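Protein chains in written order, with our numbering: chain A, 2 to 310; chain B, 8 to 239.
Just so you know, the hints here were simulated from the structure itself, not pulled from any lab data. Mixed in with the good hints there might be a few duds.
To be verified - Just some of the chain A residues that point at chain B, by a computed CB distance under 8 Å:
(1) ARG10
(2) PRO11
(3) GLU35
(4) ASP141
(5) PHE144
(6) GLN187
(7) ASN192
(8) LEU199
(9) GLY200
(10) ILE201
In this text the structure is predicted, and so the values were computed from the model without any measurement. We put the beta carbon where it would ideally sit given N, CA and C, even for glycine.
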Amino acid sequence: MGQRLIHNRPLVFGVLATVILTILASFLPEHRSELITRMLIMALFATSINMQVGRAGMMPLGQAQFFGLGAYAFGLLCVKGGVSLPFAFILALLISIVAIGIIGYLCLRGDSLTFALLHLAFNILLVTVAAKWISLTEGDQGFTGVPRPNLLPGNFGFYLFVLLVVLISFILIWTIINSPFGKAMQGLRENEERLCFLGIDSKRFQLVIFILSSLFAGVAGILWAMMQRSVFITYMSLILSAEGLMMCLIGGMLSFFGPSIGAAIVVIVSTVASTYLHQWQGLLGLIIIVSVLGFRGGILGGKKHTMGL
Amino acid sequence: MILETRQLKASYGASQILFGVNLQVEKGETVCVLGRNGVGKTTTMRTVMGVLRPAGGSVLYNGTEIGVLPSYKISRLGIAYIPQGRQIFPTLTTRENLSIAARKADRSASQWTIQGIYDIFPVLKNRENFKGGALSGGEQQMLSIGRGLMQNPQLLLMDEIFEGLAPLVIQEIMKVVKRLKESGISILLSEQSVSFAREIGGRCYILEKGQVVYSGNTADLPEEVVLQYLGA
Numbered sequence: 002m003g004q005r006l007i008h009n010r011p012l013v014f015g016v017l018a019t020v021i022l023t024i025l026a027s028f029l030p031e032h033r034s035e036l037i038t039r040m041l042i043m044a045l046f047a048t049s050i051n052m053q054v055g056r057a058g059m060m061p062l063g064q065a066q067f068f069g070l071g072a073y074a075f076g077l078l079c080v081k082g083g084v085s086l087p088f089a090f091i092l093a094l095l096i097s098i099v100a101i102g103i104i105g106y107l108c109l110r111g112d113s114l115t116f117a118l119l120h121l122a123f124n125i126l127l128v129t130v131a132a133k134w135i136s137l138t139e140g141d142q143g144f145t146g147v148p149r150p151n152l153l154p155g156n157f158g159f160y161l162f163v164l165l166v167v168l169i170s171f172i173l174i175w176t177i178i179n180s181p182f183g184k185a186m187q188g189l190r191e192n193e194e195r196l197c198f199l200g201i202d203s204k205r206f207q208l209v210i211f212i213l214s215s216l217f218a219g220v221a222g223i224l225w226a227m228m229q230r231s232v233f234i235t236y237m238s239l240i241l242s243a244e245g246l247m248m249c250l251i252g253g254m255l256s257f258f259g260p261s262i263g264a265a266i267v268v269i270v271s272t273v274a275s276t277y278l279h280q281w282q283g284l285l286g287l288i289i290i291v292s293v294l295g296f297r298g299g300i301l302g303g304k305k306h307t308m309g310l
Numbered sequence: 008m009i010l011e012t013r014q015l016k017a018s019y020g021a022s023q024i025l026f027g028v029n030l031q032v033e034k035g036e037t038v039c040v041l042g043r044n045g046v047g048k049t050t051t052m053r054t055v056m057g058v059l060r061p062a063g064g065s066v067l068y069n070g071t072e073i074g075v076l077p078s079y080k081i082s083r084l085g086i087a088y089i090p091q092g093r094q095i096f097p098t099l100t101t102r103e104n105l106s107i108a109a110r111k112a113d114r115s116a117s118q119w120t121i122q123g124i125y126d127i128f129p130v131l132k133n134r135e136n137f138k139g140g141a142l143s144g145g146e147q148q149m150l151s152i153g154r155g156l157m158q159n160p161q162l163l164l165m166d167e168i169f170e171g172l173a174p175l176v177i178q179e180i181m182k183v184v185k186r187l188k189e190s191g192i193s194i195l196l197s198e199q200s201v202s203f204a205r206e207i208g209g210r211c212y213i214l215e216k217g218q219v220v221y222s223g224n225t226a227d228l229p230e231e232v233v234l235q236y237l238g239a
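So that you can see chain A by itself, here it is in the shape it has in the complex:
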C-alpha cells in the first residue's frame, strides 16, 4: 500500500508542493508570503474552471461572477449583517447555490456555444447589478472590514487556514473527478451523444458539474475577501474571468494540477514582474503563446506532458 502511494504522482506532487509552499510562507517577509496565499486561492479558482473545461467540455467565460458572488455574499453577511464568520461562510455558499442553479439551468438550455456566451452575459449582468445596487454593495467604492478567522494569528496563521480550505477543496474536486460520475464527465467532453446512448442524461450531469465548479469558485472568492479584508467590484470582473482561463491554458487543461501551475505563474508574473516591468501584461501574453504553442496545450497540457499529474 505504501509502495502504491509513492507511485501516486499527484499525491506526491501535492504533498511536496504543500511542504515547499509552507516553508516559503513561514520564512519569506510578509509581502512576499502573501504572494503564496494568493497563489493558493487562484489555484483553487483556476481548478474550479477546469472542472468544466478540462472534463465536461464546457467553456465558462465568466467564472469570476461566482468568485465575486461568494465574496460579496460573505462580506455583506459579515459587515452589514453582523453574522459570525463560520455561519457567514456557509450561508454565503447556500445563497450562491440558488443563483448558481438558476444561471446554470439557463446557460445549459442550448448548445455549447450558447453556454459560453450566456455565461459571459451573466458575468456582465452581475457586474452591472453590483455596480448599480449601491445601497447594498457600495457600488464602485466597495467596502472593507471583512474579517479573517482568528484561529491562528498573523499572516502565516491566515496562510495555514487558506491552505487547509484549499487542500480540502482539492481533495473533494479530485474525488469528484475520479468518481464514476467524473469519468462520465470525461466522456462528455468527447461526445455528448455517446453518453446519451448509454442512458445518461448529459444535461443533468452538466448542471451538477456546473454547480459544483461554481461553488468552488465562490469558496475561492470568500478566501480572497478575507485576504484583502474587503470586497470590490473587480472581484467579479471580466478580466479576472479571462485570467482564470489563461491560468488553465498556460498550465494545461488535461491534468489536475495544470491550472494550479498556471495560477502560480500568472500570480508571480503579475505581482513580481509588475514591479520591474512596465509592460508586464505583454510578458503574460508572451507566456501564454509560448506555453500553448511550445508545450502543445499548456505546460502540463499535452497527453505526453501531463507527467501523470
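Fit chain B to the given chain A structure using the hints.
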C-alpha cells in the same frame, strides 16, 4: 412485436433520407437491414434511437410510441445502440468503458457483467487497462458491443459492426452475434454484405433510397434481388 416502424420518414435538415420505412422485429428475433451506401440504414437506426426526430410516421417499441423521446430515455427503456464507427470513449480504459454502461437487467434472468463480456471477448481482458484510443479497430468493436450488452438491453441495434475489420476478427465477432441470436435477445442489424447477413440468418429487409423494397427470410433471398439492390 418489440420494434416497429410505420411509414417512418426522416431528414437531415433539408435533405430527406427516409421516405416511409416499414419494418418489424419480433421479440427474440434477429433481423438484418441490407442496402448499399447511403440508402438510409444508419439513418433508420439513429431515428429509432432518438438522435433524429421522425419527420413523419412512427417508431413503436413494445407498442409505445418513442419517436418523441430523447436518446437517453430510449436507452433506458432497454434499447442498446452499437453505433457505426464504434464510438467508444478514447480516454477511458476498457474496463471504464464497460462499467460506465452497466445497468441492472429489467426482467431477464441473465445479467451481463464485465466478467461476462470478458468471457465472450477474451482479448478485452488482456486490454483491460488500456485506454480506449489505444485499442485496435477490432478490439474497439468488441468493446462497443460489450458496452451495449452491459446495459442489459432487450433490443440491440447494431450498425455495420463488421465494417473495416480483418477477416479473423469478423469471424470472432460473428460467433458472438450468433450466440446472442440464440440467447433470445432481439437484434436489428444493418449490413452492406449479403454474405454476412446469410451467415447470421433470420429475416432481412432491403432498403433502397429510403424505402423497403424487399422483405423475407435471408436464406431465401433470390439472386436477382441481390444483384439488383446490392450488386457491385
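Here's how the hints hold up against the structure:
no.	hint	in the structure
1	ARG10	violated (17 Å)
2	PRO11	violated (16 Å)
3	GLU35	violated (38 Å)
4	ASP141	violated (45 Å)
5	PHE144	violated (46 Å)
6	GLN187	holds (6 Å)
7	ASN192	holds (7 Å)
8	LEU199	holds (5 Å)
9	GLY200	holds (4 Å)
10	ILE201	holds (6 Å)
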